[in-house]
Amino acid sequence: MKTVQLLMLAVCLLCATSSPAVLAKEKLVVTGSSTVAPLVSEIARAYEARHPGARIDVQTGGSSRGIADARAGLADIGMVSRALKPDEADLLAATIARDGIAVILHANNPVQRLSDTQIAQIYTGAIRNWKDVGGRTAPITVIHKAEGRSTLELFLAYFKLAAERIKPSVVIGDNQQGIKTLAGNPDGIAYVSIGSAEVEAEAGTPIKLLPLAGIAPTTASVKDGRFPLSRPLNLVTRGTPTGLGKAFIDFARSKAVHHLVLEQAFVPVD
Amino acid sequence: MSPSTRDRLATPLLATAAVVATAVLLLIVAFLLRESQPALEAVGLARFAFDPSWHPAAAAEAGHFNLMPMVAGSLLAALGAVLIAAPLGLLCAVFCADYAPRPLASTFRAVLHLLAGVPSVVYGLWGLVVLVPMIRALAPPGPSLLAASLILALMILPTVAVLADAALAAVPRELRQAAAALGLSRGRTVWSVVVPTARGGIAGGVLLAGGRAIGETLAVLMVCGNVVQVPDSVFDPVRTLTANIALEMAYATGDHRAALFVSGLALAAVVSLLVWAAQGLERSAAHA
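The listed protein sequences correspond, in order, to chains A and B. Take 12 as the starting number for the first sequence in the numbering used here and just add one per residue. Take 3 as the starting number for the second sequence in the numbering used here and just add one per residue.
Don't read these hints as lab results, they were simulated from the structure. Quick reminder that beta carbons are idealized off the backbone N, C-alpha and C, glycines included. Treat the hints with care, since some could be wrong.
Said to hold, decoys possible - What follows is a set of in silico ranges between Cβ atoms, one per label pair, in the way DEER data are often shown:
1) B:S108 x A:R82: 34 to 40 Å
2) A:G254 x B:T18: 45 to 51 Å
3) A:P222 x B:P54: 33 to 39 Å
4) A:R147 x B:A271: 44 to 50 Å
5) B:V132 x A:Q187: 16 to 22 Å
6) A:A94 x B:E37: 29 to 35 Å
7) B:M70 x A:T216: 36 to 42 Å
8) B:F97 x A:A174: 50 to 56 Å
9) B:F97 x A:Q187: 40 to 46 Å
10) B:L116 x A:R147: 41 to 47 Å
11) A:P150 x B:R190: 50 to 56 Å
12) A:K257 x B:L81: 54 to 60 Å
13) A:A137 x B:P54: 18 to 24 Å
Claimed, not checked - Coverage of chain A stretches by chain B, computed from C-beta distances (three or more under 8 Å per stretch; other residues unrestricted):
14) 59-73
15) 152-160
16) 169-183
Bound-form chain B, shown alone (with noise of 0.2 Å):
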């Protein structure tokens, strides 16, 4: 087979794979909108963030849909677990990309790689027999926003680091070698140099780990202590919109299994939004 035959084959098998890709992502979108119609028909979208409570098991006219106390659960903690990862993440990638000599580096990276293996209802069943009851004996009851967070932090800690690392490793040799011959110190190059030339892809890769912080369930689900509230501190119980439809799914029918949909929606809207800011944040420094 000729190259050019290759090439003209190529395209449209290509072409399809990105098409069938696109395709589920629209239909899941679909199915998302077709399955939460009769809770937005028969609530409105204004309940949702107006309602007194969330007591959907009662029907639309009864019950109560405020999903906003789930939303600020869900960002909260993702944002809690960002605040904790994202620093520790840029240290252990500076660690490896500037400071470990070869061997520890490829070592600590295989380890980094692993700890991002490590399923989910693993870091949650941690949590619950090791995190919370030392949180309790803090302030109880325990289960509560930190814990959520904590647990989200070491989840996404990899990520970050893994992101962060082959952001360092893509900026050119040439301005290392330049800040060298400028007579400047390790730290010096590292920090004022390499670090910002890679702030892009760093911000990228936090961001992405926030997304997926957001989109996590089981772990948090056994830690955050499920209770629908605005928390007043970290030691509150939060529920997220994860926690939320994983709870209620299985018992749920009608406007409240509805309603769970439209959870699924409002979680959809802010993942979106956040690849949407992740990849604004790698253009721009593409750019620059």
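Chain A with its partners taken away, still in its complex shape (with noise of 0.2 Å):
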């Protein structure tokens, strides 16, 4: 008696398990890099409304989880906020927009400008204070990204630095929490994506983006690839994309999700 429940058990639980598979023909699994995600939930929403009986399914991770998990098959879709490495030509990147990454400085800082060998001594620990680059006299705070974000990779390799030569006084996750130290910190410098800086600025947070090279960091200077800390947002899949998976990044990268990119304040490609 007992056993047969067991078995009937274990038989409804094999068919729980087994029913996404089933329904994978209109479920798409995207998952990867926080700077990309809200963007493609809100093209995910816009794809929904559209196409009732599709389920997109976002989520976010970082750009080493998008290559990671296209690669291993448990996404559909990856999500990567920077160019493929030589290393992930097994994959195949389709750019749906453009960001950037500002040095971002407190309002209340009055330093208006800072050359890259400067950002490159104040993050390796050869300038320490803000009087030797016309600041205040007052020891620098170096926010710094945790090890693996795409945002620090790219941050590195502009500048030429090594992981290792970093001398931070704050490590932080996300944007956002990198944002609110800076806003609490008028000694503070971070680097976060032009896209969230330039919301948060107009939004009244203390905090203004420094030009790099004599540039603006604007969405312009993004988009025409003037401004030179900028990377694609790309979509990567492993091998060419079909059915649903195909229709969804021929959407992404339509006219008709230009104002979404916009509003995420990234910059659309044509």
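Need the complex rebuilt from these two chains, each delivered in its own frame; the hints are there to steer you.
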């Protein structure tokens, strides 16, 4: 008697666990970069509204997860906030927007510009006080990102720094934590995505975006590629996408979603 | 159903519950071991203690995997929290058990239970926007070992107070009556008779609270600064084992990911030692 019930339970459980595979025709799993995820969530909502029956599940976890999940087949599409590396040539990337990384200071900091060399020296601890770059006499709080973040990789690559050489005062996780930490610290310096920084600055958060190599960090300078510290936001797939995956990527690259890209303070690609 | 049948049914049911609970714990340890296996093999145990730094994003050969600054960070933050919360919690408990009039005592107990229920992210947010700027005014950068210890102290204070209160309440009435019969003052009774008698329960509570402080993640992550270093002063930022896992897990692959499971293993070991010590204390006090 008991055995029969147990068997039935086991069968039910098996059915329950295998049902996602049956539904997979209409369901798309997208995982990866926390920079790309808010945009893709919006695009997914628009897509679902146009195609009832399609379910698009968007999860964050960083570009590394996007790569790993797309490779392992855990996700149909990975979100990656950088260009693919040579050892990732097994994946296909479709750029849906561009983003730039801005170096930000507190709005009350009198320093108006920093050269690339100065920024590199601040992050490696060669310059430790704002008075050495024309500011107040106050120790610099160097706000840095945790290992593995794509913002960090892009920042290090641009300034040609090795991760080991950075001397941070504070290590943060995502863009928002960085902006909040800086807003509470007039002597801080941080780097975050231009999209997040512009939105926060307009909303009245006391931060300012520094020009790099004389070019202002604006969506316009990111769009035409003049701003040096910028990156593509990619959807990556293992092999050529088909079915719902292809339809969704085509939709995400179409003019129909440009307003969503702009709302997220990213820059549409044509 | 007769009482004896009920007992016969109860034994296997209760035993199953116990087995399930134990099995879950064993499965978690087995899972941690399995997931950290690649790092333990490729990196080796020694390098987790002797590498020059923590830069695990490059694979096993090129990366650095020293976990010790984070073990130190976890222990120091929790130790600081216990040093602040233990005396305060004990004073709260003594107030509740022996000084406060009954209505005030029960209200105060309710407040303590309420405090214990505040989600850690709320403490963390308060720490980030209020406490950290205050510490920054004293000694920059602000996010620091001190901030982490203060936030943790606030979080474990109710645990210490509630458990110490229970331990004081368990002291036999006769002891208090005998002390009163000897003409001892209330203060003398509390500090020379009641608290020493309850010391096992109090110490056990403090150690359990310490375990909770070591395991806390989110609030600490928001205020400790997360720089991987052994701090020179309480104003230096530190990173705890828990914050390390939470900060990097979402972005980690390969050996980096496995190394984070080694952090988890280290954390489990530290907490187990604490729980074991807490049980030892309670047992020795029970025999005393």
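Evaluated hints:
no.	hint	result
1	B:S108 x A:R82: 34 to 40 Å	59 Å, violated
2	A:G254 x B:T18: 45 to 51 Å	46 Å, holds
3	A:P222 x B:P54: 33 to 39 Å	36 Å, holds
4	A:R147 x B:A271: 44 to 50 Å	46 Å, holds
5	B:V132 x A:Q187: 16 to 22 Å	18 Å, holds
6	A:A94 x B:E37: 29 to 35 Å	30 Å, holds
7	B:M70 x A:T216: 36 to 42 Å	37 Å, holds
8	B:F97 x A:A174: 50 to 56 Å	51 Å, holds
9	B:F97 x A:Q187: 40 to 46 Å	41 Å, holds
10	B:L116 x A:R147: 41 to 47 Å	43 Å, holds
11	A:P150 x B:R190: 50 to 56 Å	52 Å, holds
12	A:K257 x B:L81: 54 to 60 Å	57 Å, holds
13	A:A137 x B:P54: 18 to 24 Å	20 Å, holds
14	59-73	holds (count 3)
15	152-160	holds (count 5)
16	169-183	holds (count 7)
In terms of the numbered hints stated before, the structure departs from hint 1 and from no other.
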